[in-house]
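Novice: Using the sequences and the hints given, assemble the complete structure.
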Amino acid sequence: MDAYLLIESAGPAGAGGDRFVGDACRLVRQGGDVTLLLTQDGVLGAVADSSPRLGDYLGAGGALWVDAFSLRRRGVAEEDVEPRARLVDMDDVAARLLRPGLRAVWH
Amino acid sequence: MVWTVPHSDVMLKILGAPHQDDLVTSALRLTRALLDQDARVQVWTCGDATRLTSAALGADKPLDPADHRARHPSTAAVIGDLLAAHPERLHWYVCRFCAADRAAPEQIPGVRTRPPSRFWEHVRATDKVLALGVC
Amino acid sequence: MADSRSTLLIVERAHRGAVETQFSDELYFVRALHRMGGSVDVLLRGPATGYAIDTGPVPAPPGAHGTDLPLADPRRSLRALLADGVPVWAEEAGLALFGASAATRLIPDVRLVVRDDDGPDWSAYDRVWFF
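For the record, the sequence lines run as chains U, A and C.
Be aware that the first sequence starts at 1, since it is given in my numbering, and climbs by one per residue.
Be aware that the second sequence starts at 1001, since it is given in my numbering, and climbs by one per residue.
Be aware that the third sequence starts at 2001, since it is given in my numbering, and climbs by one per residue.
Check each hint, because a few of them may be wrong.
To be verified - Here are the simulated lysine to any residue pairs, SDA-like style, with alpha carbons at most 20 Å apart: (1) Lys1128/A x Gln1037/A; (2) Lys1128/A x Gly14/U; (3) Lys1128/A x Gly55/U.
Claimed, not checked - A few chain U residues that don't get close to chain C, going by computed Cβ distances all over 10 Å: (4) Asp18; (5) Leu58; (6) Leu87; (7) Asp92; (8) Ala95.
In case anyone wonders, no lab produced these hints; they're calculated from the structure.
Where is the CB? At the ideal position from N, CA and C, for every residue including glycine.
Specialist: Written as structure tokens, this is what we have:
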């Protein structure tokens, strides 16, 4: 099974962000082991109900990580975050990135 | 003996410009996290990211007129400290063309300037590449 | 020489390089403009409205040699602006980006703009600059 770490760094209104979540959806539907990490302004996409496309991705079985440091810097309260998201730090990201065979894509 | 690119577990290819978003902060956080997990890391910068390690930056940011006593390290100093702390497992490379094009031909000690024609040697010397940002 | 004409500065973009800016974030420069004799008011829109949220201290990530990465703190700059008496507005529509609770967690003295008409009146300023 192909494994991916897709990293979205731009906010929901940023160029191509929604499209990138669409890429994540497609990879999940193709059977990939996909983790979508939202970092920097990308964490705004983790605000509950802010992104229908993200709902599609989660519904298809994709994993959603949210960078806790970026979240705190931007003032988003954990209670306002999509419940299916897992808050992570860079140690978690590094561990996943080091997985043999994993492909990582930053947007 | 001919120098060859040391093998790395991860290459971070940084293209995005400083002062636009938190790309540089994220790259440094990730670099540190990878090093903490004993990974070997190489960073290749292109475009405006080559200015992060410009010798012209010196060790300090310009003084804060509101607080002359405080010293704030330049990005070059922050990165230089990281290189000094991990000399065997962290290597920082700068694209020579981009550095010249962005008026940053002189780089801090510990950073190696490389011709763009050698870029793929660096890619072949790593297990995976994460490309951060666009020019 | 002090400029008695007034300026509305509108800030939309946020988080423009924490390591690169450190103390010199965009709100620091707003304060500098104010202190250099300009009469400025500030409107935070879009992603920059997040600066108006009272987050409390956010621990910095580690750097080298046991130190932390030196990072900007734009909310410190915002508090300094407010302490100087500079009017600062934040649009509720922008705060919605940061979750349903964001508008209830503002830094004291930030003025909430609920409807467009509640915010600073552009016609009252000599200059309106996006900053």
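Novice: Now tell me if each hint is right for this structure.
Specialist: Verification of the hints:
1. Lys1128/A x Gln1037/A: 16 Å, holds
2. Lys1128/A x Gly14/U: Violated: lysine 1128/A and glycine 14/U sit about 27 Å apart, past 20 Å.
3. Lys1128/A x Gly55/U: Cα-Cα ~30 Å, so violated.
4. Asp18: 15 Å, holds
5. Leu58: 18 Å, holds
6. Leu87: Correct as stated: the minimum Cβ-Cβ distance to chain C is 14 Å, above 10 Å.
7. Asp92: 13 Å, holds
8. Ala95: Label holds. Min Cβ-Cβ 16 Å, cutoff 10 Å.
Violated hints for the displayed structure, listed by number in ascending order: 2, 3.
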